[in-house]
Structures are given as structure tokens and as C-alpha cells.
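J.: Sequence:
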Amino acid sequence: MQLVGQFYTQFNSNLATLNMALDAAQESVWEWNLQTGEAKFSPQYYTLLGYLPDEFPANQQEWQSHMHPDDRAVVLQQIQRDIEQQREIHVVEFRMRTKDGRYRWMQGRGKCVECGADGHPIRMLGVNLDINDHKQMELQVSYLAYHDKLTGLANRSLFLDRLSQSLSQAKRSNTQVAVLFADLDGFKLVNDKHGHEIGDEVLKIAAQRFLACLRETDTVSRFGGDEFAIFLGGLTSQRQASIVAAKIIDAFSIPMSPPGGAICEVGVSIGISMFPENGTSLDSLLMASDQAMYDSKRHGKNSYTLFSNPEGGEVKEWITFTDTHLIGISKIDEEHRGLVNILNQLSNSWRNGDSHDEIISIFNQLLAETTKHFTTEELLMRKYEYPEHEQHELEHARLLDEAVRLRNRLSDGGELLALQTIKDWLFNHIAYEDKRMAEHLKANGVH
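Residue numbering for the sequence shown follows the numbering used here, starting at 717 and increasing by one per position.
Just so you know, not all the hints are guaranteed correct.
[Claimed, not checked] No farther apart than 25 Å at their CA atoms in a straight line, the calculated lysine-lysine pairs in the DSS-like style are these:
| # | residue 1 | residue 2 |
| --- | --- | --- |
| 1 | K1047 | K1088 |
| 2 | K904 | K887 |
| 3 | K1151 | K1099 |
| 4 | K756 | K865 |
| 5 | K1013 | K920 |
| 6 | K1047 | K1099 |
| 7 | K1088 | K1099 |
| 8 | K909 | K920 |
| 9 | K1047 | K1158 |
[Claimed, not checked] Derived CB-CB ranges, DEER-like:
| # | residue 1 | residue 2 | range |
| --- | --- | --- | --- |
| 10 | Y1010 | R1125 | 46 to 56 Å |
| 11 | H912 | K815 | 43 to 53 Å |
| 12 | P769 | H850 | 18 to 28 Å |
Treat the hints as calculated values from the structure; they're not laboratory data.
Backbone N, C-alpha and C define an ideal beta-carbon position, used for all residues, glycine too.
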């Protein structure tokens, strides 16, 4: 009996230690009978969600009913797939409703601990980890990556992503998209007279005035300083864009009263370009609306101007390879020019309405030629012992990974964003990494 007493004393001590560890780690233990649906949860599970044990019946159906509706189907499918594929460990993330009606993020980790005679799992054991704080931080970081910190508006990256999708949709539905470029009139005077803190408050008010004039489906972005870009999708006429521009100008005619008692008069000059009339690429549309905005400035400010190109067509060729892009190494310059030609083929294929398979075929050609080009550079860097060759090669790998990711987005309305992104990284790579590398190669007699 003494041994039994010692055993139970040690058992209770170990159990208490385990519970303290689970409390500290914000984890709870669960057990699930796959045949009966019965589930068991450790006390930490109920504490975390705010329930008493008798308020949360221990079965799979009750567990599902407390899961966020948006997560339920995905989680159940993943669990079923893990069971069918007999994965040793399965990991799922989901939100659970607490007693006060809010949702908390949790991560479930489990494994099969018992199988039936047929080899199929019949009992699982695992832990649930409270990851709510981590998820909230993750969401905040993601939000900051795509939004302007001061105004909360979409940043340039998010704007271009959404605009790319809107243009693809417009192309399929034979509708129009308006791109508006807006610059605040009198903002410099506000900064000079009242200081940057008041200037920041004015930018926040300006952001809200833009939003108040738009539909939920439209997007406004702060491009930097006092410049803003807007797109309006699903239009049937240019007049619809003009009405919105006039509405914005009218909204800015009311003086602003930022905190601190200052009265600030800030107007807005707007330029408008239309897809597909004034351009079919992100670059051409933004350039056209920017040019039209400066026309508004020249014509007295506080007005809007529709882009007009006397020569017709887009504001300029989408992408050209000029002498400024040459690095002075003939083989590399030749390959750079070839990549630009493929990019233009890709752009033309999209504009001409070619099939998805044809576009993918050209994109695959671009990937193949890019890989070949990177190999050319890497052989030269190693042969002539370029000091930064490892960093340069890592950048090559990153760019190829990005290109593959963009190719996978082509079927999701991301054609123009893919084109724009590849153009940007190609020319940035030439301007910074390749030109620096070329100086080393030329110093070693390579031309």
C-alpha cells in the first residue's frame, strides 16, 4: 500500500507539473475517437475559450460548431486528407469562438496513436496551441506591407496588384477602367506655414475625402508625398470617371480643420487615363494620367484633365531597351536585349487576347532564357573571380523564384502585374547588380 501511495503521489506531482507547463505554454491536450466522434480536452482548453466543461460537450460536432465558418471546410478537408494519406503528424490553424463571442487563433498538432485491424486510424492525440497573439502580429505585419502607414490607404504595391486584376477583368468583360492621378494643390504651403505634423493630419483628412467619393470596389493609394492614385473599374464610359473627378474636386473645396486649430485650404489637380483607349499596360496608364494631371496644374489647378494623345494610341512604347541599359559586355547586353524582346512578345500576346496556353508558352520561354542568361553571368563571375559573385547568384535565385510565382498567378488575373514586376526587376538588376559586375569584368579585359 505504501508503494501504491508513493506511486499516486508521484503521479499527481507529475500531473501538476504537466498542467503548469501547459498553462505556461498556452497549450491544451486533446484526444479524438474517429469512430465515435467523442473528444476529450484538458482543462486548459476550456480555460482558454472561457467555457466550463459542461458548456462545451466533448465531441467533434460541438468542436466544429465553435470553429469560424470560413475555416471549417478547409480544416476538415485537411484533416481528412492527412488521415487518408496516413501522415505521421498533421498541423492545422483555425479560429475558435470563445464564450464572449470573439474568435481566437489556434494551431492544432496531432498524430494517430491507434489503428483498427484494417490499418485505418481510429484514435488521435494532440495539442492545441494558442497562436492568437502571433497571428494578430502576422496580420499587422502583412497589413503594413501593403498599406501606407500614415493614411492607411493601399500602397503602390497593393494598388498595382488590384489594378492588374481590374484590367484583366475589364478585358474579359469588355468594360473600361479609369486611372486617376491626383496631386494636392497648396500642400507645400501648409507644410511651410504650419509644420509637418499639421501636414500629416491634412494628408489623413485628404485620404478620407478620397474614400468618401469612391465605391467600395474602387481603390485609392498614396503613392508618396501628396500624390495619390485611384482606379475605377467596371466603367462603361469616360463620363463616369469625370463625374467622380468632379466630386473629388468639390469635396476638396471645403477648408480642412486638422487638430490644433489651423484652417487649411488644399485643392486637388487630377489627371485621367482610360483603359483600353489610352493604354493597356500599368506603365502607360499611370504615365498618361500623370501627364494629364500636370496639364491640370498648368491650366490653373483644382481641375481635372482627360488624357489626350494627339498622335493617338498609348503614351509610348511599353518597354524599350536603350543605350542607358547597356553595361558594356557584349554577350550580356545581347542577352538583356533578347529578354526585353520576349517581354514585349508577352505583352503583345496579352493585348491581342491570345489564349492562356500561348501566354504561358511565352512565359516559359522567358524563364528558360532568363536561366540561360544567369548561367552566362555566373560563369563569367567565377572565371574572373568577381568578389560579390555569391551575393549576385543569390539574387539570381530569388528573381527566378519570383518569376515562377508570377507565372502561377497568370490564371488569376495577374498578367499585367507579372509583366510590370518582371520589367522592374530586370531593369533594376541591370542598373545596380549587373553594371557593378560589368566594371569588374571590364577591368579584367572582358568586353
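J.: State for each hint whether it applies.
T.: For each hint, the structure was consulted:
Between K1047 and K1088 the CA atoms are separated by roughly 12 Å; this keeps the pair inside 25 Å, and the hint holds. A hinted pair counts as satisfied when its Cα atoms are at most 25 Å apart, and K904 with K887 does not qualify at roughly 39 Å. The hinted pair formed by K1151 and K1099 meets the criterion: a straight-line CA distance of about 17 Å does not exceed 25 Å. A distance of roughly 45 Å separates the Cα atoms of K756 and K865; the hinted pair therefore is violated under the 25 Å criterion.
A hinted pair counts as satisfied when its Cα atoms are at most 25 Å apart, and K1013 with K920 qualifies at roughly 22 Å. Taking the CA atoms of K1047 and K1099, the gap is near 15 Å; set against the 25 Å cutoff, the hint holds. Of the pairs offered as hints, the one joining K1088 and K1099 holds, with about 17 Å between alpha carbons and a cut-off of 25 Å not exceeded. Taking the CA atoms of K909 and K920, the gap is near 18 Å; set against the 25 Å cutoff, the hint holds.
Annotation: proposed proximity of K1047 to K1158 holds, straight-line Cα distance about 13 Å (limit 25 Å). Hint check: Y1010 to R1125, Cβ distance near 33 Å, so the stated range 46 to 56 Å is violated. Between H912 and K815 the C-beta distance comes to about 47 Å, which sits within the given range of 43 to 53 Å. With their beta carbons about 27 Å apart, P769 and H850 fall inside the hinted range of 18 to 28 Å.
The earlier numbered hints that this structure contradicts are 2, 4, 10.
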